Structure formats: structure tokens, C-alpha cells
Amino acid sequence: MTRTVPEGWRKAARFVWIAALVLVALSLVMVVRAPTERVMGPVQKIVYVHVPSAIATMIAFGITFAAGIAFLTTRQWFWDALGAASAEVGLVFATVVMITGPLWARSAWNTWWTWEPRLTTFFILWILYAAYQVIRSSLRGPSKRTISAVLGIVFFVMYPVTVYSVNLWRGSMHPQNVTMQGNMRQVLLTSMLAWVVFYVAVLERRLRLEWARRAAEEERLGVGAPAPRGHVAARGAEARGR
Amino acid sequence: MLSGASLALEPGEVILLAGPNGSGKTTFARILSTLLPPDDGEVTLDDEPVSEHRALTRRRIGFTTHVPLLYRGLTPVENLVFFARLAEVRDGGLRAIDLLTRFGLKDAMHRPVANFSRGMLQRVVLCRALLNDPPILILDEPYAGLDEDGVAAVNTVLREARAAGRSALVIAHGKERAQSVVTRTVHLRDGRIEAA
Amino acid sequence: MILLEVARKDLTLYARDVRFLATLGLFSASLTLILSMAFGPIYQDAPREAAATMWASLFFAGVLGLTRSLDMEREAGGGDALRMSGADPYAIYLGKTLANFLLLAAVFALLLPLTSVFFDVGSLSGLPRVAGVAAIALLGYSAWGTLFAALARGLQARELLLSVLLFPSLIPLWIGAVKLTHALWGEGGTASVGDWVKVMLVMDVLGLGVAAWLYEPVQEAGE
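Going down the list, the sequences are from chains G, P and V.
82 is the number that my numbering gives to position 82 of the first sequence; each next residue is one higher, with no gaps.
6 is the number that my numbering gives to position 6 of the second sequence; each next residue is one higher, with no gaps.
124 is the number that my numbering gives to position 124 of the third sequence; each next residue is one higher, with no gaps.
Treat the hints as calculated values from the structure; they're not laboratory data.
Accuracy of the hints is not assured; some may be wrong.
Result set (SDA-like, lysine to any residue): computed pairs, CA atoms no more than 20 Å apart in a straight line [to be verified]: (1) G:LYS144 x P:PRO37; (2) G:LYS144 x V:ARG74; (3) G:LYS45 x G:VAL24; (4) V:LYS198 x G:TYR159; (5) G:LYS144 x V:LEU160; (6) G:LYS144 x P:THR27; (7) V:LYS198 x G:TRP169; (8) G:LYS144 x V:GLY78; (9) G:LYS144 x V:GLY79; (10) V:LYS198 x G:LEU168; (11) V:LYS198 x G:PRO160; (12) V:LYS198 x G:VAL163; (13) V:LYS198 x G:THR121; (14) G:LYS144 x V:PRO217; (15) V:LYS198 x G:VAL157; (16) P:LYS175 x P:GLU194; (17) V:LYS198 x G:GLY171; (18) V:LYS198 x G:VAL161; (19) G:LYS144 x V:ARG158; (20) P:LYS106 x P:THR156; (21) G:LYS144 x V:GLN219; (22) G:LYS144 x P:ASP40; (23) G:LYS144 x V:ASP80.
Bear in mind that the values here come from a model prediction, so they are computed numbers and not experimental data.
Can you make the complete structure from the sequences, with help from the hints?
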């Protein structure tokens with residue numbers, strides 16, 4: 001395996017980064033120029049970071065989930081690398097959500113924490129995927145990949161039930177969706193797109209790190225170099241009668 | 001650490017695998033017994049890859065390690081009967097008592113294993129490995145910490161296996177204790193297996 | 001049946017480890033005591049505080065039980081012998097889940113009277129329904145707990161990690177258990193009893209179902 005990613009990948013990555021930077025810049029401009037919300041003032045604009053981050057997080061964890069399944073079925077290192085990279089990037093975005101959420105809430109409702117169902121569920125997810133990192137980093141051997149895949153699958157599977165139960169617990173006392181009209185919607189949609197592309201760009205970078213790790217590991221193990229394959233054959237006689 | 005290690009085990013053979021600490025003997029034993037999948041290469045039993053019928057393959061292998069694979073809180077009988085039922089051995093209870101008696105554990109049969117000496121533990125462990133009358137034995141460091149009687153018990157098992165046409169792989173540091181029963185000795189050096 | 005054999009083996013080991021059982025009982029009782037005192041001496045809303053106390057204690061006790069079951073397997077060579085027996089991994093999983101469930105049920109049987117007495121809640125006639133809620137909650141706890149415990153078996157600080165994994169992910173079970181127990185002990189009902197039962201049952205089925213697929217790779221995951 002080559003030390004660094006193939007040329008085709010790097011070309012695509014350059015394109016993604018340029019797209020990401022352009023889109024993020026564009027969305028920033030739009031955010032700055034967006035109409036200021038009457039009641040909340042400029043702080044409301046945090047939502048343009050908060051919501052897209054949340055979407056990026058869910059995409060990230062969804063990819064970890066799919067990669068986990070792919071790994072368990074194919075056992076190819078790439079799926080484990082993708083899952084782990086996505087989980088880590090997802091955690092970063094989740095942190096952004098957890099910081100911007102209370103900031104927005106303070107401004108809108110004058111409290112830091114309101115047990116808003118989605119934010120609550122996000123906190124739960126944050127803890128779980130932080131635990132994922134802790135567990136993954138403390139495993140060394142071949143079990144690391146399997147266990148990471150299993151965690152990635154299990155956490156995502158639990159998500160819908162958790163959301164439902166938090167909603168049930170909360171009762172529906174808070175407006176679930178922030179409705180926006182016209183201009184604001186456009187800004188939000190552009191921000192969402194920008195952040196998702198940004199997520200892909202960051203994921204790509206993180207994946208490169210996994211690739212390099214894998215290359216180093218293979219070098220150390222001497223895999224890929226023409227190494228003799230072991231072959232163990234055993235033949236056993238069945239005891240007949242006693 | 002293993003690289004191109006190859007071995008063929010035929011009926012009636014008792015092979016001693018020697019080698020320095022850390023050379024990968026235990027890893028090799030675990031790969032052979034299907035507990036550890038190899039990164040590359042293959043293990044076959046009677047010309048069929050072991051990955052195909054893993055459960056069946058495992059039941060044809062009697063495996064021991066230096067950690068006694070027994071539940072400390074159970075008696076020898078309870079341990080053996082439990083494993084016999086799990087491996088779907090017919091008349092597991094009878095077989096358990098039979099084996100335990102043969103190994104001189106008749107009186108200790110109903111005491112929890114927790115208080116057994118190393119030698120007694122090893123004998124129970126051997127009984128467990130022999131429960132389903134496996135055609136293949138893989139014993140990892142079976143002599144560790146044993147006194148003369150214990151060593152004799154292990155060697156009896158190996159001798160009987162040889163006579164019955166079964167095969168055994170014994171992993172040990174040095175050759176002395178196994179010398180009398182071994183048919184062939186190989187070394188694990190630099191990740192490969194070489195004749196002694 | 002392999003399932004029953006494994007369950008019986010685990011339960012026998014639990015039963016013979018008197019020190020462990022005593023510690024488990026004392027731990028849960030102490031936790032119940034602390035929380036009862038923290039809420040008391042005059043209880044604002046006894047059914048609510050009692051439910052929270054009992055389930056919090058049960059939850060922590062469960063982590064101890066699961067860790068103990070892990071340690072028992074580790075002493076016996078980390079599950080190598082189980083794997084070498086060629087027994088169906090899912091049957092092994094179900095057996096362990098059953099044993100853990102019964103252990104937790106025993107702790108529940110200890111904490112229920114204790115909590116009822118401290119907070120002066122509950123009644124004999126209401127017992128079957130409270131037990132029913134506990135059965136659903138503890139089944140889910142055992143199902144997921146056994147899977148997570150197997151997963152965490154090679155890790156250091158197992159109790160901590162197990163807690164970190166179990167507490168957030170089983171929130172639907174916990175809130176459901178507390179709310180339903182509260183409703184049963186208190187006067188008012190929560191309007192959404194049916195919904196909570198549904199949520200908890202979904203968690204139970206999910207746990208047992210997901211493990212059907214994932215337990216074997218976890219068991220084979222090696223060191």
C-alpha cells in the first residue's frame with residue numbers, strides 16, 4: 001500500500017476543499033447580511049451554525065453506522081477507518097452543537113438549558129461518542145475494529161428510540177422547529193450545504209490520517225511485501241469404537 | 001510476528017513446538033485452534049479450511065492454555081458436565097466421572113476447583129480437553145508449574161493419543177519433560193517453523 | 001438447552017460467591033439509604049422520590065453485577081473454553097442475559113420493600129404491576145448490559161466504562177421505569193402509560209435483536 005493516498009483522491013479532495021471554503025465564505029457573507037431577528041438581535045444568527053452542525057453530526061454518525069455494518073461484513077480496514085474518522089469528526093461537530101445550543105437558548109429564553117428534546121438527545125449522543133473515542137483509543141489489538149464497529153452500530157440504532165422517549169418525557173411544551181421565512185430560509189439552507197461540504201472536507205483529511213496509519217502498520221507488519229504465507233494442515237483420526 | 005509459519009500435523013504424531021519467550025508460540029497455538037484468525041494464510045483440518053465449519057472444528061480440538069479454562073467456583077464434575085453439555089457430548093456426565101476417576105480425582109470430584117493445587121487443576125483441565133474425545137490436541141505450556149505426577153499425567157494423555165492415532169501439538173519452553181512422548185520437535189524462530 | 005445450562009452455571013457461580021452477593025446487597029441498600037435521607041426526612045412527593053431512589057440504586061447495582069459476571073469469565077480464561085465448545089454464541093448470550101436478569105430481579109426484590117418502607121409508598125395489591133414494570137425494565141437492562149459487558153471485557157476501568165455506556169443509552173428504559181413506578185405509587189397517572197410501556201418494550205426487543213447479530217463478532221473479537 002502506498003504511503004499516501006492516490007492521486008485521484010487528492011485531486012478530488014482539493015476540489016472538495018475549494019468548494020467547502022467557497023460555500024462557507026458565501027454562507028458567512030449571507031449570515032452577516034441576513035435580516036436581524038427582531039426579538040433576539042444578532043445572537044439569533046447562531047442558529048446558522050447550530051442547525052447545520054447538527055445536520056453534519058447526524059450525517060457523520062450515520063456514516064459511522066453504515067461503515068460499521070460494512071466492516072463487520074467485509075472486514076476491510078477501510079470501513080473501520082471511515083467509521084472511526086467520521087465518529088471523531090462527528091464528535092467535534094456535536095461539541096459545536098452543544099456550545100451553540102445553550103448560547104442561543106440563553107438569548108431566546110433566558111436560560112442556559114431547557115431540556116429541549118433534540119439538544120438533550122444530542123447531549124446523550126455526545127457522551128456516547130466520546131466514550132467511543134475513549135474505548136477505541138484504549139484498545140490495541142484486532143478487537144479494536146470490531147468493537148468500534150459494534151459501538152457505532154449500537155449507538156445509532158438507539159437514537160430513534162431515545163429521541164422518542166425524550167420527547168415523551170418532555171411533553172410537547174417547546175416549539176420543535178424554528179420556522180423561518182424567505183431570506184432567512186435561504187441563508188439557513190446555504191449554511192447547511194456549506195457545513196455538510198465542510199464536513200466532507202474535514203472527513204477526507206481525517207481519513208488521510210487513517211490511511212497513513214494503515215500504511216505504517218502494514219510496513220511494520222511486513223504485509224504486502226512478498227512474505228511467505230503460512231499454511232497449517234492438521235489431520236485427525238477419529239477414534240473408532242472404544 | 002509470525003511469518004510464513006507452516007506446519008503439517010498427521011495422525012499419530014506428537015509434535016513439540018519449542019522456542020524462546022515471545023516468539024509467537026501461543027499466538028500460533030491460538031491460530032491453530034481457531035481462536036485467533038490469521039492475518040494471512042490458512043489453517044485446514046482434514047483438508048478443509050477451519051473457517052468454514054468453525055463450531056464443528058472446535059469440537060474436534062482439545063485445547064489447553066496456561067490459564068486453566070475452568071470456573072473456580074464450580075466443582076470438577078460441574079465444570080466438565082457444563083462443557084460437555086455445551087459441546088453436545090453424549091453421556092457427558094458419565095464421561096466426566098470416568099475421566100476424573102482415571103486421573104485420580106475421584107475424591108476431589110465434588111469440591112470447588114478454587115482450592116486445588118496446580119497439579120490437580122491441570123489434571124481437571126486435561127479431562128476437559130478430552131471430553132469430546134478430540135482427534136487433535138493442542139496443549140499450550142501443559143507442564144508449567146507441575147510436579148512429577150503432573151508431568152506424568154500429561155505424558156500419559158499424549159502417549160494414549162499417539163497410540164490411538166490422534167495428533168497433538170505441545171508447546172513448551174524446553175524439551176526435557178516431553179522428550180519421552182514426542183515424535184518430532186520443531187522450533188519457532190523468526191516467525192517461521194523449522195525442524196529442530 | 002445451552003441457554004439454560006449457561007444461565008444455571010452463572011447463577012450457581014453467583015450464588016456461591018457469598019461475599020459478592022453480600023456486597024451487592026449492602027451497596028444497593030446503602031445507596032437507597034443515602035438517597036432516602038437526601039430527599040427526607042419529610043417527603044415532598046414520596047411516590048416520585050421513591051421511584052427515583054429505587055431505580056437509581058438498581059441501576060448502579062446492575063453495573064456491579066455485570067462487572068462481576070465479566071470477572072468470572074475472565075478467571076476462567078476469558079471465554080476461550082466457551083468458544084471452543086462450539087456452542088451457539090447467541091444461546092450463550094441469552095443464557096447470560098437470563099442469569100443477569102434474575103440477579104437484578106433479586107436486587108429488586110430487596111430494594112422494593114426497603115424503598116416502600118422508607119418512603120411509605122406502595123401496597124401489596126399494587127405489587128404485580130410494579131413487578132411487571134420492573135420485569136420489562138430489567139429485561140432491557142440485562143439484554144443491553146450483557147452485550148456491552150462482553151464488549152468491555154478487555155478494557156481497563158470496566159465498571160466506569162460500563163456505566164458510561166449503559167447510563168446514557170438506556171435512558172428510555174430508566175425514565176420509563178421511574179415514571180411508571182411513580183404513576184403506580186402515586187395518585188395521578190401519567191397519561192402516557194401505554195407509550196412508556198411501548199418504548200421500553202421496543203428497547204427490550206432491540207437489545208435482544210441487535211445482540212442476535214452482534215454478540216458473535218463481539219465474542220470472537222479476541223484480545
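Worksheet item: If you draw a straight line from the CA of G:LYS144 to the CA of P:ASP40, is it 20 Å or shorter?
Response: 18 Å, holds
Worksheet entry | Proposed proximity, V:ASP80 with G:LYS144 (alpha carbon, max 20 Å) | 18 Å, holds
Item to complete: Take the C-alpha atoms of V:LYS198 and G:LEU168, compute the straight-line distance between them, and say whether it is at most 20 Å.
Response: 11 Å, holds
Worksheet item: Going straight from one Cα to the other, do V:LYS198 and G:GLY171 come out at no more than 20 Å?
Response: Holds: V:LYS198 and G:GLY171 sit about 16 Å apart, inside 20 Å.
Practice prompt. Take the C-alpha atoms of V:LYS198 and G:TYR159, compute the straight-line distance between them, and say whether it is at most 20 Å.
Written response: Given that 20 Å is the threshold and the Cα spacing comes to 16 Å, the pair holds.
Worksheet item: Keeping to a limit of 20 Å between CA atoms, is the pair of G:LYS144 and V:GLY79 held or broken?
Response: It holds: about 18 Å lies between the C-alpha atoms, which stays within 20 Å.
Discussion item. Would the hint linking V:LYS198 and G:VAL161 be met if the CA-CA limit is 20 Å?
Written reply: 10 Å, holds
Discussion item. Would the hint linking V:LYS198 and G:TRP169 be met if the CA-CA limit is 20 Å?
Written reply: 13 Å, holds
Worksheet item: Does the structure keep V:LYS198 and G:VAL163 at a Cα separation of 20 Å or less?
Response: 14 Å, holds
Worksheet entry | Pair hint outcome, G:LYS144 versus V:GLN219 [Cα-Cα no greater than 20 Å] | Between G:LYS144 and V:GLN219 the Cα gap is close to 13 Å, so the pair holds against 20 Å.
Worksheet item: Holds or violated: G:LYS144 with V:LEU160, Cα cutoff 20 Å?
Response: 19 Å, holds
Worksheet item: Are the Cα positions of V:LYS198 and G:PRO160 separated by 20 Å at most?
Response: This hinted pair holds, its Cα atoms lying about 13 Å apart.
This entry satisfies every hint, going by the numbered hints stated previously.
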